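Chemist: The residues making up each chain are set out below.
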Amino acid sequence: MARYIGKRLIYMFITLALIATFTFFLMKILPGSPIASADKLSPEQRAVVEARYGLDQPLPVQYFDYMFGLLQGDLGISINQFKGADVTDVILSRMGPSAQIGFQGMLLGTVLGILFGMVAALRQNTWMDYGSTIVAIIGISIPSFVFASMLQYWLGLKLDLFPVALWKDGFMSSVLPSIALAMFPLATAARFIRTEMIEVLGSDYITLAKAKGASGSEIAFKHAFRNALIPLITVLGPMAVSILTGSLVVEQIFAIPGIGEQFVKSIMVSDFSIIMGTTIFFSVFLIVIILVVDILYGVIDPRIRLSGGKS
Amino acid sequence: MTQNYDKLPQDAFTRIPRDTQEAEKISKPSVSFWQDAWRSLKKNKGAILSLILFGLIVLMSFLGPVISPYEPNDQTITHANLPPKIPVIENLGIMDGVGTLGGRQVDLYEMKNVEQNYWFGTDGLGRDMFSRVWKGTQVSLFIAFVAAAIDMLIGVIYGGISGYFGGRVDDVMQRIVEILTGIPNLVVVILFILIMDPGILAIIIALTITGWTGMSRVVRGQVLKYKSQEFVLAARTLGASDSRIIWKHLMPNVLGVIIINTMFTIPGAIFFEAFLSFIGLGLQAPDASLGTLINDGYKLIQYQPHILLFPAVVLSLIMIAFNLIGDGLRDALDPKMKD
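Which chain is which? The protein sequence lines are V and G, in order.
Residue numbers for the first sequence follow numbering that gives the first Met the number 0, beginning at 0 and rising by one.
Residue numbers for the second sequence follow numbering that gives the first Met the number 0, beginning at 0 and rising by one.
If you are wondering where the hints come from, they were derived from the structure by calculation, not from laboratory data.
These figures come from a predicted structure and were not determined experimentally.
Positions of the beta carbon are idealized from the N, C-alpha and C atoms, including for glycine.
Hints should not be assumed to be uniformly reliable.
[As the list claims (entries may be wrong)] So, partial list: chain G residues that the calculated Cβ filter (under 8 Å) puts toward chain V: (1) L280; (2) I293; (3) L314; (4) I319.
[Stated by the list, open to error] No farther apart than 20 Å at their CA atoms in a straight line, the calculated lysine-lysine pairs in the PhoX-like style are these: (5) K221(V) x K209(V); (6) K298(G) x K157(V); (7) K221(V) x K211(V); (8) K224(G) x K247(G); (9) K264(V) x K298(G); (10) K226(G) x K247(G).
Given only the sequences and the hints, what does the whole structure look like? Please build it.
Modeler: Written as structure tokens, this is what we have:
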């Protein structure tokens, strides 16, 4: 186990180093350095600005400075969007709303998804089963930005139940974005739990539980549900990815001052250091989540062979 | 009744001799793997309906821009922002050209003196949405299919080589894949789009740059599983070359998972293309894909919801159809699922 975690950690660092190296050289290639627009500067002024951003150093020195800064959580300085502000500060200051809608969406999606999946498995081939299957297919198929704009149009604009956009009404503002983000986890969990439950319900120990006279609900919750729940951890990774991808567009649609909205904006105005910083932040977030999920799964279910490689 | 056997006429019965040859005969024609798969796919109503629906969408993506009297990029400013109007359906009270103007419901076609019908309405520049939506569908499908085909090609070759030759080759190749899969897809796609000029080519390259790893893993697993089986050993003993073993003996067995995997790659690619276009990293005007159309429509959602509606519906239908076809194919082709 320790060896497995060690191996995964090494891979994680190689991956992150690759991404960081890649982003560093990308920043060098792409137009839009802090002094690009300042042609009118005198050579002396130019030297001062270059020194401020460390651009007077030779490239290898800049590279190691950058990598060393990364280790300390320094992602560089914003080029044009937040002139001169630290990228790390910008990202940290915007984490709150993103974390809130992401967490709410994840929670809502998984809880509802588990519920739908269980009902579908326990009432197989009834309208409840078909209904939940349809919801699952729609949830997986319809992109979050289409779903988000539909929610915004109907529930926000037409029915006026929730604020249409902006982050002003506290929890109420977070309802629609959370629902939009919840669709994919909901659908994934529902499909997954249904398959697992059906498999578990057919196993011998369920027959035994029935034979000794356990009631239907007791079998469903005490015996079947618990064992169906464990493998759900494996799909937490893809769910987190979907929440993050979704947050880019959903935050944009609902004008939520989060990391995703910030990221899209910096793409529009070509603020490369923010783009790169956010990219690295996203990478760390996703890679750590996937690592944690894999380790967690091995700890909870000892039957899983931890030899790397998903099937 | 049962006692009256004696009264039955003797000649009403003839003895049928048991033919030993007959017992060995195969009564039904033998069913190949693909026939069997097609048979179980046909039973899956959702998959068949999706197949038909998808066929229609593909057909329309080519026919649509042709049968529409307007070019996708032709601007007629006087006809801007018209709601959809379809001759027969308008009698039902929907798509009758009635839109909101200054808070009142009016027939905008009458007001603006427009003789023609725009089936899906027009956008802010007076471009015909019908031909634009189908043209966009064409572009989106093109990107998705090319990306999926490249993913398939690289993935199959890489996974095939890695699995077939094994040993050190496999070790090195798998370490590379492990690192590549560690990089989040979203991050790679966005970074590559930033370097290249936006356009169809950039999107395809960005989608395929790490997209093939999933396919290569699946193919490698399958090749590993089959290459140690007796029929491969037999072929090798008979002197078959590596390429013959790969193409004649392994490929037919791996083809099922390749198809299933591709069927799930395509909706993924369609989604990513639309996603990129939506956040402004996709195609640039005047090129249009479903993603850019949705992006354009979203900006006008409050006043001209029809501009968002049609591309969003087509995109969702394609995604639903593909997921259902993929599910159906998986059930039909995956021998493990068979009961």
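Chemist: Hints first: check each against the structure and report whether it holds.
Modeler: Here's how the hints hold up against the structure:
Taking 8 Å as the C-beta contact cut-off toward chain V, the hint placing L280(G) at the interface holds, the least distance being around 6 Å. Because the closest C-beta pair between I293(G) and chain V is about 7 Å apart, less than 8 Å, the hint holds. At its closest, the beta carbon of L314(G) sits 7 Å from a beta carbon of chain V; the interface hint therefore holds under the 8 Å criterion. A distance limit of 8 Å between C-beta atoms decides the matter here; for I319(G) the minimum to chain V is near 4 Å, and the interface restraint holds.
Restraint check for K221(V) and K209(V): the C-alpha separation of about 12 Å stays at or below 20 Å, so the hint holds. Distance hint between K298(G) and K157(V) is fulfilled; the C-alpha atoms sit about 16 Å from each other, no more than 20 Å. Restraint check for K221(V) and K211(V): the C-alpha separation of about 14 Å stays at or below 20 Å, so the hint holds. A hinted pair counts as satisfied when its Cα atoms are at most 20 Å apart, and K224(G) with K247(G) qualifies at roughly 16 Å.
Taken as a hint, the K264(V) and K298(G) pair is honoured in the structure, with Cα atoms around 15 Å apart against an allowance of 20 Å. Distance hint between K226(G) and K247(G) is fulfilled; the C-alpha atoms sit about 12 Å from each other, no more than 20 Å.
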